[in-house]
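Note that my numbering has the sequence shown beginning at 1, numbered continuously upward.
A hint or two may mislead.
[Stated by the list, open to error] Listed below are the simulated SDA-like cross-link pairs for lysine to any residue, each with C-alpha atoms no more than 20 Å apart in a straight line:
#, residue 1, residue 2
1, LYS52, ALA29
2, LYS134, ASP56
3, LYS134, HIS100
4, LYS124, VAL80
5, LYS52, ALA36
Hints listed in this document are in silico derivations from the structure and should not be mistaken for laboratory results. Keep in mind it's a predicted model, so treat the numbers as computed, not measured.
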Amino acid sequence: MDAITRDRTLNGPDALEPVARPTREEAMAAVRTLIAWAGDDPRREGVIDTPKRVVDAYAEWFEGYGADPAKELSRTFEDVQGYDDIVMLREIEVESHCEHHMAPFLGKAYVAYMPTNRVVGISKIARVVEIFAKRLQTQETMTQQIADAITDSLRPAGVAVLIDAQHQCMTTRGVHHRHVGTITTQFTGVFKTDASLRQRFLDFVNKR
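Model the full assembly from the supplied sequences, consistent with the hints where possible.
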């Protein structure tokens, strides 16, 4: 069986051994256990096929573990006719799951970079957001990962990332506060050092 991908692991003597990826049947058995633990009968007609559906859904929700952001950003273009200003994508859909409760958090990402001598196809930026979103996440970590991936692959003069999302782990359980948005940001390079450039980014975020 394949080992489960780990992006955030302990290093050195405390490093953890890779975890063997369960089989599809083992995953379905785990869902049956949860159905029974919730108080229902996994043999009941209405839920008998639920384990299959859940496993199929997980394969889609967490397909980011099998994708490589660096590969998406590997094809770049140097013929930009001297363009040296902000490249920005607004309102990229974010559909992720928090790693603490495995509950969805949904929102929008705003990503910009200041190219030096090369750019990447705009769809690739959206794809990078999608790859990191389709993993168990914290919003803070995902914001940082997006900025790092673009920095490492494109070597731009700076990167700006803002994510605005609502977390169902606090709207459907716990404190039950609805319509509360969580905003995280990450600025590197010129977006960090130049307040006017950072403000331009934020103005573009808020543009309607």
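Now the hints, each set against the structure:
no.	hint	result
1	LYS52 x ALA29	10 Å, holds
2	LYS134 x ASP56	14 Å, holds
3	LYS134 x HIS100	15 Å, holds
4	LYS124 x VAL80	17 Å, holds
5	LYS52 x ALA36	15 Å, holds
In terms of the numbered hints stated before, the structure departs from none.
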